[in-house]
Each structure stands twice: as structure tokens, then as C-alpha cells.
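**Student:** From first to last, the protein sequence lines are chains A and B.
Heads up: the first sequence begins at 76 in my numbering, then just goes up one per residue.
Heads up: the second sequence begins at 76 in my numbering, then just goes up one per residue.
One or more of the hints may lead you astray.
Because identical chains cannot be distinguished in the list, a pair is counted as satisfied if it fits within a single copy or across any two copies.
Unchecked claim - In silico DMTMM-like links for lysine to aspartate or glutamate, alpha-carbon gap of 20 Å or less:
id, residue 1, residue 2
1, K86, D142
2, K184, E161
3, K83, D170
4, K86, D132
5, K86, E106
6, K86, E161
7, K86, D170
8, K184, D79
Note that these hints are calculated values from the structure, not bench results.
Model, not experiment: these values are computed from the prediction.
Number of protein chains: 2
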Amino acid sequence: MSADAFAKTPKPPYYAVIFSSQRTTGDDGYEATAGRMVALAAEQPGYLGIQSARSADGFGITVSYWDSEAAIAGWRANAEHRIARETGRTHWYRDFEIRVARVERAYGKPGAARDDADA
Amino acid sequence: MSADAFAKTPKPPYYAVIFSSQRTTGDDGYEATAGRMVALAAEQPGYLGIQSARSADGFGITVSYWDSEAAIAGWRANAEHRIARETGRTHWYRDFEIRVARVERAYGKPGAARDDADA
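When you get a sec, could you build the whole thing from the sequences and use the hints?
**Tutor:** Given below as C-alpha cells:
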């Protein structure tokens, strides 16, 4: 129930990486690595924010936000991230999809207790 | 655990509406309307797909895909959708954010049992 679940992004345009995944069963080191990747992403140049939800059936969507395509490429090339992705491919995800998109506009609920996209 | 959770989108470019929300507590008609909106969206011109996840803490991400900005505008103008949005604003969501983005590229797990983005 934390407002921190929302990504605090600047005014568009910026980029979004939409990662949809279906988890396999069992943790198998997943939660620790997922937490580490969230922290590591936040240290990368051009990182703007991340938000994530996963339903009880194991289907999840994580959206990370970046200031440029170059920032996405940099994160993709990160060595620790590469290793995590390989384990994801072979162990943690039964299936996944990645979409890279350019955010054109953003808006939110008026009066919500957070930085607004219009700010 | 259904592969149907993944949206079956065509090759990019196309558009994504990323809807992030924090639910209030209690159903209050939410589940029925949410199901109706998913069915109604699928009937709209230019609809490509939808995927959704919500964590146990009530934070959710729904991404709907559309073939054009005009299709997004059409869905936004739908009368039944407008009424649902208003109830969402006043009752179902403590907070929400909407981002409209142009999907530039997409890829998935090789060998996954679904239509691949490269198909």
C-alpha cells in the first residue's frame, strides 16, 4: 500500500521497458536476485524509475523507465544483469516478453499524494 | 498460469497504454466492471491486446495495446468506459498513473509456446 510503488518519472518524452513474465514455481534464488536487480538498475546512468506487479498466478509486469535508448542499451550490457537474465531465461520464467516503448505523455489522478506527471 | 496472460501483439510499431494503480480496499463492484472493460476494450477498433497483473498489496499494472493514437482516443471516448473511469477515480483507486507510449520493438523468450514478436 505504499505510494513508492509508483515510478516518479519526469515529463515525457522518455523510454519504458515493459517486461511481462510468467514465473516458474519455486523461488530458486529469484526474489534475492530480483531485489538486487531493482537496486542495480537504480544505479545506472539514465535510470528514471521502476514499477512492478505480480499476480498470485505468477504472471507479472515490470516497467522500468529510462531517459534514452542509450541508457537502456547500457543497462542491457551490464554484466551482472546479463547473468541474471540468463538465469531468468533458463530457470525463473516459463515465458516472457519485452517491449521497448517511447512514452509520449503521462497523467495521473488529480490530487494524489505524489509528484504529478504535470509537475 | 495461462499463456493467455500475454498479449498477442503484431510487429511494432504500435501503441501501449500503461495504467498503474493502487486499489482501495474492498471490491465495491470493481471486479465485475474490470472484467467488463477488458471485454469491451477487445471490441474496439484498433485494439491489439491487454495484459494485467496486481500484487497482493493492491498495486497493479495493466497495459493495453492499440494500433494507433486514434484507436486510443476512440477507447477513451467510449461512454461506458468513461463512466467506469469516473468510478475508478472516486472509488476504486487510491492513486493511478497513465502513460501512453509508442512501442518501438518487442522480443520474447525463444521457443516459448506462443506467437513470437518476431513471427
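**Student:** Now look at each hint and say whether the structure bears it out.
**Tutor:** Structure-based check of all given hints:
no.: 1; hint: K86 to D142; verdict: within (10 Å within a copy, 24 Å between copies)
no.: 2; hint: K184 to E161; verdict: between (38 Å within a copy, 11 Å between copies)
no.: 3; hint: K83 to D170; verdict: between (29 Å within a copy, 13 Å between copies)
no.: 4; hint: K86 to D132; verdict: neither (34 Å within a copy, 27 Å between copies)
no.: 5; hint: K86 to E106; verdict: neither (31 Å within a copy, 32 Å between copies)
no.: 6; hint: K86 to E161; verdict: neither (33 Å within a copy, 24 Å between copies)
no.: 7; hint: K86 to D170; verdict: between (32 Å within a copy, 18 Å between copies)
no.: 8; hint: K184 to D79; verdict: within (15 Å within a copy, 30 Å between copies)
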